[in-house]
Each structure stands twice: as C-alpha cells, then as structure tokens.
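S.K.: Listed below are the residues making up each chain.
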Amino acid sequence: MTELLEPEAPVRRPIPLQAPQLPRWAPPVALFLSLAAAGLVGLLLGWGPAGIAVVAWVLFLVGFTGWAQAIEGRRKAVDRMFATLIWSTFVIAMVPLVSVTWEVVSKGHGIIGADFFANDMRGVLGETNIVTGEPGGIKHALVGTLMITLTATAMAVPVGVMAAIYLVEYGKRTRFARTITFLVDVMTGIPSIVAGLFAFSLLTLIFGAAYRSGFGGSVALAVIMVPIVVRATEEMLKLVPDELREASYALGVPKWRTIVKVVLPTAFGGIATGVTLAVARVAGETAPLLIIAGSTTVANWNVFEGRMMTLPVFIYSSVTTGGKYAAEQEARAWGAALVLVVIVMSLNLLARLLGKIFSPKTGR
Amino acid sequence: EGDSGDGGDAADLANLSGEVAGGGASSQEAAQLAWIAGFTTVAPEATVTYDPVGSGGGRESFISGAFAFAGSDSYLTDEEGELTSATERCGGEAPIQIPNYISPIAIIHNVEGVDDLNLSPEALAGIFAGKITKWDDPAIAATNEGVSLPSAAIDAVHRSDESGTTENFTDYLDAVAATQWDAGVVETWPEEYGGQGAQGTSGVVDAVTSGTNSIGYADASQAGDLAVANIGVGEEFVAPTPDAAAKILEVSPPAEGASDTALIFDLDHTTAEAGTYPIVLTSYLIACQTYSGDEAAAGELAKGYLSYIVSAEGQQFGADEAGSAPLSDELSSQVQDVVEGITVE
Amino acid sequence: MTDTTTDQPPRLDDSGSRATRAGDSIFSGLASAAGLTILLALAGVALFLVIEGAPAFTASGESAYGKDNIVVYVWPLLYGTLLAAVLAMVIVTPLAVGLALVISHYAPRRVGTYLGYLIDLLAAVPSVVYGLWGRVVLAPALLPLYLWLSDNLGWIPFFDGGESGPTHGRTIFTAGIVLAVMALPIVTAICREVFIQTPRIHEEAALALGATKWEMIRMTVFPYARSGVISAVLLGLGRALGETMAVAMVLSGAGIITIDLIGTQNPSTIAANIALNFGNASGSKINTLIFSGLVLFVVSFAVNFVGRWIASRGEVKG
Amino acid sequence: MAKSIDVSDVNIYYGDFLAVEGVNMSIRARSVTAFIGPSGCGKSTFLRSLNRMHEVIPGARVEGKIVVDAQDLYAPGVDPVAVRRQIGMVFQRPNPFPTMSIYDNVLAGNRLNSKKMKKSEADDIVEKSLRGANLWTEVKDRLGKPGMGLSGGQQQRLCIARAIAVEPQVLLMDEPCSALDPISTSAIEDLIHELKSEYTIVIVTHNMQQAARVSDETGFFNLKATGEPGHLVEFNPTAKMFANPDNAATEAYISGRFG
Amino acid sequence: MAKSIDVSDVNIYYGDFLAVEGVNMSIRARSVTAFIGPSGCGKSTFLRSLNRMHEVIPGARVEGKIVVDAQDLYAPGVDPVAVRRQIGMVFQRPNPFPTMSIYDNVLAGNRLNSKKMKKSEADDIVEKSLRGANLWTEVKDRLGKPGMGLSGGQQQRLCIARAIAVEPQVLLMDEPCSALDPISTSAIEDLIHELKSEYTIVIVTHNMQQAARVSDETGFFNLKATGEPGHLVEFNPTAKMFANPDNAATEAYISGRFG
Ligand SMILES: Nc1ncnc2c1ncn2[C@@H]1O[C@H](COP(=O)(O)OP(=O)(O)OP(=O)(O)O)[C@@H](O)[C@H]1O
Ligand SMILES: Nc1ncnc2c1ncn2[C@@H]1O[C@H](COP(=O)(O)OP(=O)(O)OP(=O)(O)O)[C@@H](O)[C@H]1O
Ligand SMILES: [Mg+2]
Ligand SMILES: [Mg+2]
Ligand SMILES: O=P([O-])([O-])[O-]
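Protein chains in written order, with our numbering: chain G, 1 to 364; chain Y, 1 to 345; chain C, 1 to 318; chain E, 1 to 259; chain B, 1 to 259.
These aren't lab readings, by the way, just hints derived from the structure by calculation.
We treat Cβ as the ideally placed atom computed from N, Cα and C, and that holds for glycine.
What you were told as hints is all true, and nothing was included just to trick you.
In silico PhoX-like cross-links for lysine-lysine, where the CA-CA straight-line distance does not exceed 25 Å: (1) Y:131 to C:67; (2) E:145 to G:356; (3) E:118 to G:261; (4) B:116 to C:213; (5) E:115 to G:255; (6) G:261 to E:115; (7) E:119 to G:261; (8) G:261 to E:145.
Here are some of the chain C residues that sit facing chain Y, going by a computed Cβ distance under 10 Å: (9) 65; (10) 135; (11) 248; (12) 272.
Generate coordinates for the entire structure from the input sequences, incorporating the hints supplied.
M.R.: Right, here's the structure in full:
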C-alpha cells in the first residue's frame, strides 16, 4: 500500500488479485495434528481427556494461526485466529448443555414409569410405600406444579396483555407509559426469591405467620410472569404494522375494536409464544415456592388451602434431606428432574410451534 | 384404655381418620417421615404432616395453635416467655414435654488409611477450634498408637447454618474441654474457628465424603458408610451406638422445671459412666394435656400418633428406618404414661 | 351500510356513536388500570419487604444468627453475592460475545438460527436442575482443576486454596461457573440482537473498503454494539445476583469474606442463604432474612436499572 | 354519492413541526385529482388530513377548514370515525388483514363495526365490491383463502374492494401503485378510470406519467428548502399542467430537472 | 490506473433464485457507465457482483466471467478482499462510520492495510481524497468532528472520499443521489464528471435524466415478468440510447410508459 502513496508515482500499480491461500483442507489437518500431538503427549503424561482437549486447542490456535501468518499474511492470520476463538465459544457453551442433558437423561430415565406418575410419596420409605408396597412417585408434585402455574398464568396474562395494550396502543409517548415500560424491563430482573419473599410478607401479614398455600406460590410466580408477558406482548403488538391499524381506522372502525379484532388476532401467535415461554420460565421456579408453598407428600388440588408440593421443590428436598434413603431420594430427584426438563423444554418447543402456526402469512 | 404396653389399642388407632399438622425440629425429620409412614400401617385413614420448620418455628407454631404438636431440640423455658405462652395455648395446663428422639452425634471422618480413630475430648475440641491442624498432631497420635496418621492438613467440616446439632455438639465441647473450646454453646458456628462450612446434616456428610482428610459431626443416623470416631469417656473410648447414646439420659439429671408431664433433662456430658456415648442430641415432643372444642378431632389424632411414636414398636421402627436410639425401657414406660394422660374433650 | 344507499347526506357528528366512545373509554381504562397494576406490584414488592424487613434493624444478636447486628450479618453475604455474580460475568462476557458472533455473523444464517435455539435450550433448564447437576456432577469434576490451580497458580490470591488446599469442589468458583452457564443464554441473546442490528450499510461499507470479516466486525459491529453489550452484561449480572437454587445447592458457603475462589471456606450469597435458612427460621429471624432480601432487591434493581438505562440510551442513539 | 371537497387555509403539523402550510384547493366530485411533488413535500400528509387519518399519529393536528358536503370535517363534534367511514383510503403498500380470508377482508369494514348481516346480503356486498375492484373473476373460487396469499397487485385491488365495500363518498389513494409491477399498475390505473364515475378520487403519485395518464386535475406540492413546510405550488387541470404550467418550479420538476 | 471491465455470460443467484441472467457487456475505462431499469430488475445485484460484494449475502453466488485487467475476478485463488480494495463502492444511502471522525472515516480503508502511517502521510491522503470528493473546503476546519454530523449530500461525498482514499481502479455507485436533495445531487453529478478522468465509474440510477446527464454509456435492464430473472436489454452510448434506442422496451421505459 505505502508504495502506492508515493507522490512521484501518479500511475498506480494494481495490486495482484491473486493471493496465496491456505488450502481448504488446512483447518481439518491442523486440527487433527493438534489433537494427535496433544493426545500422544497426554497419554504419556497421563492427562485426562479434559487436559488433552485444552492442550490440543492451544496447539491448534497457535499452530494454525502461525501457519496462516506464514502463507497468507498478518491480516488473514488475525482473521483466522478470531474465527477459531469465536467458534470455540460455541463448543465451550455446548459442554454444559450436553453434560446436563446427558446426566439428567442417564440418571433419570431408569425410574420413570407409570407408577412414578401415578403415586405420591405418602407412606413411602426408601423405595416403596410400606403399606401398599407401591413405589413412590411424583403425582403430588405434578399436581402442585400444574395448579400453581395455572393460577399464576390466570393472574398474570390478563394484566400483562392489557398493560401491553396500554403501552403500545394508548400510552405510546406519555411519560407514564415510558415509566412503565422501563420498570417492566427492570422488573424482569427481580430475583425470584424476592418475589417469594414479597408473597410471603403479603400473605402472612393478612393470614398469619403460619400461612402456607399454593396460592402464595402463584402470587410470587405471577410477579415473575407479568413482566415477561408484557414484554412479549408489547414486542408483538409493535410488530403489527401501523398499516393494518390505519387500514382499519380508514374503514371507520373505532380504536378498541381495531385492537380487539385486528391487532390482537394478528399478534396472537407471538403473544401465545410469549405466554408459553413465561409459563416455561416459572414452571421451573423453586425458591419462591420453597418459601411460601411449603411441601407435602400428598396431592393437593386446592391452591387456596394447604401446602403444595411442586416438582422443583421435590427435587430440592429429595437431594438435601439425606438420611438412610439418600440414594433412593436422589434417584427420584433425577427422575423428577428429567420430567421437569422435558416439561419445560416441551413448553419451549410448543412456544415456537405456536409462533409458527399462528404467525400471519406475510405477503413476502 | 387397657394394656398400653405397646402404644395404645390397635383397634382404636385403626378407626382414626382426618388430618393433624405438627412440625418443628429438623433433626427429627427423617424419623418423623418414618413414623408417619409407619403410622399408616396402624391407622390407614389418618393423615399426619410434620413440617421440619426448625425447633423455634415448631414451638412458635405450636403456641399460635397452627400445630397440634411440635418437635423441639430443646425444652420449653420461660427465658422468652415461651413456657407461659404454651401454657396459655393449652388452656392453662402446662404442656407435656417428652423425649422422643435420641440420636448420637457421630464424629465422621474420611482419612486415608485410618478406620479406627480414638479422640480425646481435648483433641476433638482442638481440631474443631482450629488449634490442631495436622492429622499427625501429638494430641491425636497419643490416643491412636499403631495407626499411621498422615501428615496432612485436617479439613474440619461444620454446619454453616443454624443448627441444633451444632448446639448439642458445642454444648459437649464447652462442658468437657472449655480450655480448648472457648466459644461457648452456639447454634451458628463461629466462623473465626475456620474449617469448611456445609449446609445441613447431609451437606456435612457430603463434604466429609467427598473431601480428603476430612472430619465432621453429624447425626449418626446419616453417617452412612463413613468411619466414625470413638470418643474418650473416662478411661475408655466409646463408639456412637444407639445403646450407648440412650444411656446418657439415664445418667443425666432432670432439668429445672421437670415434672410428671415434663420429662426434660440437662445432659451430663462430663459423665465417666462406662459405655455411655456423651455427644447426643435429644429432641422432645411438645403437646397439650387436653384438647377440646375445635381441636378435639386433631387432638385425638395427635394423641394416637404420639402414642405410636413412643410405643416400643414405634421407637424400634424409628431406630430401623432413621437410625435413632430407642428409649430405654424405663424411660419408655414413663413417656407412654404421659401420652396416655392426654385427654380429649 | 344499508341506509347509505338513499341519497341523504350522512351525518358526521357524533350523536350516533356514543357507544363507540364508551367502548373506547372502557377499554382504554382497563388497559391503563393494568399498567397501573404493574406499578403497584413493583411498589408493593418494595413496600412489603420494607415492612417485614425493618424490624430486623432493631432486633440484634440471636435474630442476626449470632452476629452483633444485621449489617455485620448481611455484609459478607452481599460480598459473596457480588463476587459470584461478577465471577460469572467475567466468564460469560467473552463467551457470549463469541457465541453471539457465531450466530449473527459466522454461521450460515439458517444454521445460526438453530444454534441460537440450542443456546436458548440452556435457558430452558430449571435452576434446580442446574443445582443438582452442579452439586453432583460439576463440583466433583472440578476438584482436580482446583488442586492443579492451587499447586501451580497458588501465588495468585484467587487460587490460593487456603492452608489445607482445595478439599471440595463446591466453591464460589464452581458457583460462578454454574451462574455463568445460566446467564449465558440471556447475555448471548441480547448481544446477538444488537449484533444483528448493526446496519448492513455500515458492514458493507467496511467490506467494500477491503476489510476482512474480523476487521469488519471490529470496525462496525463492536462500536455499534458497545452499549448493547454493556447492558447485556449488566442484565446478566442482575440475573446472576438473584439466582437462588443453583447456588444454594452447589455452593458450600458460610458468611465469610475471602478472595480465595477455590478454598475450603467460601462466602455464601444472599439468595442462597435465604433459601437455605428460611425453612428453619421463625420470629425475628424471618425479618432478618427478609431484610437481606430487601438488600438483594435494591442491588439487583440498581443493576437492572443501570443496564436498562444504558440499553434504552443506546436505542435512541442507534 | 361522490362529493366535492373544499380546502381552505390548511396547515398541518406533526407536534411543533409545520409539515404543510396554507393549502387552498377545490377538489371536484367524480373526478380524479392527482398530487405530485418531490419526496417529503407533504403529499401524503395532506392526503391523510382529508379523512382525519392524520390525527392518529400522536401529536399530529390540522388547522383550517376542509368542507365536504357543507360539513367541515374539523368542526367540533364531528366524529373522526364517521368521517373515515365516508372517506375511504388506500395505502401505498397493500395491507389486507393477515388473519382474514379474502371474503372477510372485503367485509372487514362492515363486520368490524359489528353490523349484523344476512349471509346473502354479505355475499352480495363481497361480490359487488370485488367486481368494482376488478378482482372478482380472479378470486371468486378462493374467497376463503387468506388475503395475504394474493400477488401484490391483487392485494392492492383487494384493499380497494375493502374500501369501496363500505360505500364511501371519496376514495383517497397514496401512491397505490408504487409497490407494484407494471402489469398490476396498469390494472389499477384502469380501475381508477372506472371508479371515477361513482367516486371522488384523490391520488398521490411519484410517477408523473401516471399522474398525466389517470388524473383530471393535478396539484404540485413543493418544499422551499429542506426543513421548511411543504406548500401547494400549482393546482390546475392536468392537461394544462403538463403542457404549459403556470409556475417555473412546476416545469422544472415535470421536466425532470430535480426530484 | 482505471481499468475496463469485460463481463461475459454472467448469471447471478440468491440461493436458488436466479436474479440476473446472461449479462454480456464491456465497460470502458475512464468513462461513466449508467445502469437503468425498473425496480427489482437486478441493477444493484449486478453492480455488486462487479466487486464481489454480492457474495457477502449468505447463499449468494455468481456464475460467468468478469475480467478486469486480464484477471478474472471469479477465478479460483482470487482474494475477494483484494478485489474490493481495487474496485471501490458507494452506496445508495450515505454510510460513514458513525463512531469515527471525518478524518478517520477517510482513512478507514488505508488503516486496514498499513498499520503505521506517518501523520503527515495520513494528512496528505485525507486532504487529497477530500479535495477529490469536492468536500475539502466545506470540512477542513472540522476534520475531528463525527462524520454523521454532516448533511446527507456531504456524507455521500465523504463516502466517495473514503472510497477513493484507497486509490481504487474502478468506482461503483448504487443510486448515490437517490437519498439526496437537488442541490447535493448536482454537487455529486459534477463530482462524477471530474472523477471520470481518473476512474472507471459505474453508476446505477432510477432517474433517467440523471443517466442522460452524467453517463457516456447506458445499460438498460429489465424483467420479462415478476419472478423472472432480470437481464440486460440494451447497452449503448447514452446519446443513442435516449435518442434512438434499438429496443422497443427501452423506448417504452425511457418515455415513461412503465416503471
Ligand atoms: N410521523 C411523522 N412524524 C413527524 N414528521 C413526519 C411524519 N411523517 C412525515 N413527516 C414529515 O412531514 C413532511 C412531509 O412528509 P410526507 O410523508 O407527507 O411527504 P411525501 O410528500 O408523502 O413524501 P414521499 O413522496 O416520500 O412519500 C416530511 O418533512 C416528513 O419528514
Ligand atoms: N438479499 C436478497 N436475497 C434474495 N433476493 C434478493 C436480495 N436482494 C435482491 N433480491 C432480488 O433480486 C432481484 C433484483 O434485485 P435488485 O435489488 O438487484 O434490483 P434493483 O434493480 O437494484 O432494484 P431497485 O431499483 O429497487 O434498487 C429482485 O427480484 C430482488 O427481489
Ligand atoms: Mg408519501
Ligand atoms: Mg437497487
Ligand atoms: O437438626 P438441625 O437443627 O441440626 O438441622
């Protein structure tokens, strides 16, 4: 470049378009070589697989970058080095995902069967109920998770959707609306345990110190859900093109009917997705329930009275109780964890599916 | 009423139904779970819940009437007016207080090459006070001839949460080795003494199991396969067996305020009685002498449940399933009499 | 409709549309009420925590779990909370930026979308499951690493390991790693969002000048996304501060202050401490724990506040 | 049913920003009036003030008089919803309701106002409107299909059908062809020709040839400078405007010397 | 330094979609070549294939030969980064780097290649390029200010300065004036006139008057129908194209009968 800038050289010499390039097979070969070298040394010195992987990675990063530097020049080498680093983050991020999935499935699948879903833990010591001989199960926790989550959803969704409608359709530029939008954002960051403490403080002030019920858990979960629902709905309503609203206004349709008949149906897929994601988020919550919903060994269908077990709390108490049957409890905890993960992931999948199914076919 | 030798009339119990709520000391949780399960074999229609909310929470909820009975690691005193309040709650009659759960606190350890460990009270206190930091310290070696102690750092594990186990353990240390242990009797571990903090009994067991050259204290019922130390009592070293633990109540004097219906003790940790294990956690049941009105049905159930717990069958079931020490025969019959005395109007 | 076929001039005044007006005002009233509810809920959270937490100030001794007063009790927990969360962010930031670049700029677009889903799956794992995994699987697996660190890098105070060296894996470092895994999806998602929004015209300007991909990213994507990344990290920090169960299950902590990340003794966090002790607490101890929850609320509110503020400022500029 | 529109001294604001200033014109009934001018000169803004669509933008307002059929649209007590029912509008990008079928799209204006209609009556309106928009033969076999499934030009005609289904007096069109291909464009231009026998039509276009082809009268809007409000420079019969404009700026614009 | 470009049998794809088909042309050095045609006919697409910018869109690819200075741009081993250095590009919307000052914007391309530059050398390049883009006098007192602070037309000239600072052989411009006001437009048109003494310039425009004013040769692209690929209909000296085109479609387009 610099020689092109010489003032005495008005005729610019074209730089060659052809530049030496590493062959396409260079990255896999370099990777293989690094792995082989690290593997050999590692086996000799007795490193574990993790050590070998780390050393191979360092070798690849340094070696491959060096190779590129030698052949393609500095800029290309830097480019390749960062590409390697950036892709590495992906591999690193997959480690916990694969590990968690593997552990949950391998440790949890054994115990799962019809009994596991049909029985509760009443009278269960060790593996089985000492009276009936039936194995213990998670029926009570499933019932609790279902009831508490449903109740929370019933509270959070109307408030959340209406608030989003206010923000997008009515408030738009008012200071009040901007304050709410901002606080909703901040509210998404409220620690769940704080939501639990809030529900506890509120309800024990009203009903006395010993108050525990599923409803308390629902209140806490609703506090967590509302901002998620508001945000999701708000985003979706904003995505509804103003053109549609204007098309409706131009037909002489009043605003509220436009919202109900045009805007909401158009955004329905997105809202359903957001609500489902919010449900998925709270279905796995533990801390607030630990504080206000209590725990029990039998199924309780009444959210307003009596303690309720939920899947997350069941997992937690199973592993932390210890004692003679710690192993059996841990096995049930892994089983319940598998069930919980499947439920939450299915909800996430369902959310995407809903989004796909109900998304209006855009013209383009 | 009849022959109450094994805890009430089986036929009576079989007719019990409904629900009763109790709760309190978490030390009893495993045993309570066992008893609740065992109770379903004799009273299939009855539902009992036990909330392990802690001794203080249990007493509080008992006084407020939310619990029909409570489990507590310590007996009621009037230091904060609890005894008076509890008496009020029970219609002016003093509440009954009976020991129902006795469990040795085992000194669990995980030291390479060391199975049998004898610890003098002083050595034990030194280790947990952070004054003895190596396994081959002379204070330990002196009582363990022939054992090859590693020259490794001691990983002393304690409860990081507030705990009745810690209270009983430090009560013991304070009584027998006050020179080494000068933090007094505490429920929450004094951090300046160092060591690894672990949450809950199971946390301590986990930490000792997965640690190296580690030692900790935990309810013996949860010690699992870990090696347990023998503790110096007089001239001998005693292992934490249920029998050895149960003995301590026999040698301990009744506490101030004990009565026919309040079988409460101040444990004599300094005993030199042969075969007595001195580090013991004793937990009591607290209930009313009379249940009436609204509470009658729950009281009936509570009485049935309590009588099951203190029956020989119940105590044995607790020992089998939760590793507690069954009450000695003498104490057992006293306790059963107290429960029999509960009336329901 | 039916009457306009007659040639009468239709009326434009509003005598006929009172129902319309009423419908509009009822509906907008409902909507604003919902907005107000949110404000009230947030205020309620603060209010009730204050009501129930305030008594902890006057009580002392026993109620503060043996500490002289509430401040001495909460301070080490706050320290542990911040330490674990900051640690998590130190781990998460480079990872999330890299991942977001993979999704936004490196992977083919369709593949990128699926990789994004994969990362989002990390967010779908409930925290109690992370707790279980961290306690049973991760912590034991990390102990050898900690031993290696204290042997080889022990001169760095973070990896001192203490007198006896690391004896277990349930350290604040492990907690930080678990928190990092849990915060990764949200930080990645926000970074990805801002990276994707880098105006194409700027990216193409760089490419048209003969920049390599990395140079293009440095010239256009990073400057454009800077405030977005900062707010993403702050929001992740907010998450990590409040995460409860995973820490409660993984960390073997006590109320101490140390910068040793892998030693035997570790600080605990406010949230974990509440979860672990609440069940056993009664009377004024509950006030103590709720007060610590109030502290957590204030801190995480502040962090989220700043994070959102930076994010919204960035939006206006971009 | 078509009506003339008298505009006097109209100023149009976005908040504090004066976008269009001092417009006076008289739009004849049953004719096509075209607005042309460079980008940003306020054609769309002015058009939207003719059926009170302008004010749906927060902070936007209009000063002056716009009289249709002896009623001032901006007089107090006039309900904008009623105004919009009588003065229909078609937008630059076709915007059928994505959740509705073709059939429902056409009826949207009637249905959304919760009119109850007999099936036969509804069918009549749909057929009449689609015929009016020259779309009937193309879609009569798939009335139940989503409106978004049509091509751009068909969508635009669907929007016109939807607008005429409520039988307005006036039809406003803002660059109705600018997103369309030449064939669809010419279909719409033909339609405009037919519609003017029944409706008063006002159309904004950036295509001068289109203005010349479809309109009877043309208004030329311009900006004095960027940031200044737009204003009406010249309003004349289209033939005169393109052959022999009164104003030099009009001539410069039409001959392509700027814009 | 300026180079001619020979295009033979070029097909351009977005994934499976063939956007432009079978283009052959020969662009003369030191001249201005304009591409015109209706929206969507592939003008931008083709222009971007001339400096391998097309392929930055995922899935996009080019078939055929584009030969500059005896080198086929699409030959194996050719480094697209090097190609883009030699064939500069100016986009429709001005796109100065928002975080950089005017000075740094001009130098952005140079900085990539030579890490270290003497201050005086850098100053020279900046002045020369800004003078070349007719912007020097307007900004010389505020080189440290952000490039985004300039007006649209100035920003566009800044982008031109940035493009010529790396001394390319060819300058591609995609509707460089369509976002600008008349005065800025004419400044850019003047600049194009001056630049053609040193550069080969290819410009896409939707404004036929502009093509007539600035270009020496014109290529007319068209679509047979929507969804069909665009193709080059006619390529001729501008004077001939506007006076007497070879092709009927060209004439229809130029006379404004569609588009
Ligand atoms: N929603 C709005 N808020 C504020 N100003 C606006 C808004 N819409 C348009 N304007 C401004 O009003 C002026 C006129 O805009 P308008 O859209 O009416 O122009 P136009 O002639 O239709 O242009 P085009 O040919 O590009 O459609 C412009 O200066 C524009 O920036
Ligand atoms: N990123 C893309 N992906 C897929 N198809 C594209 C993309 N960009 C353009 N196309 C398609 O390629 C064809 C040619 O588009 P191009 O943008 O080159 O047209 P143009 O002549 O520049 O139009 P205009 O005058 O509107 O700029 C069009 O059919 C367009 O839809
Ligand atoms: Mg417009
Ligand atoms: Mg283009
Ligand atoms: O029984 P604990 O109080 O030690 O948990």
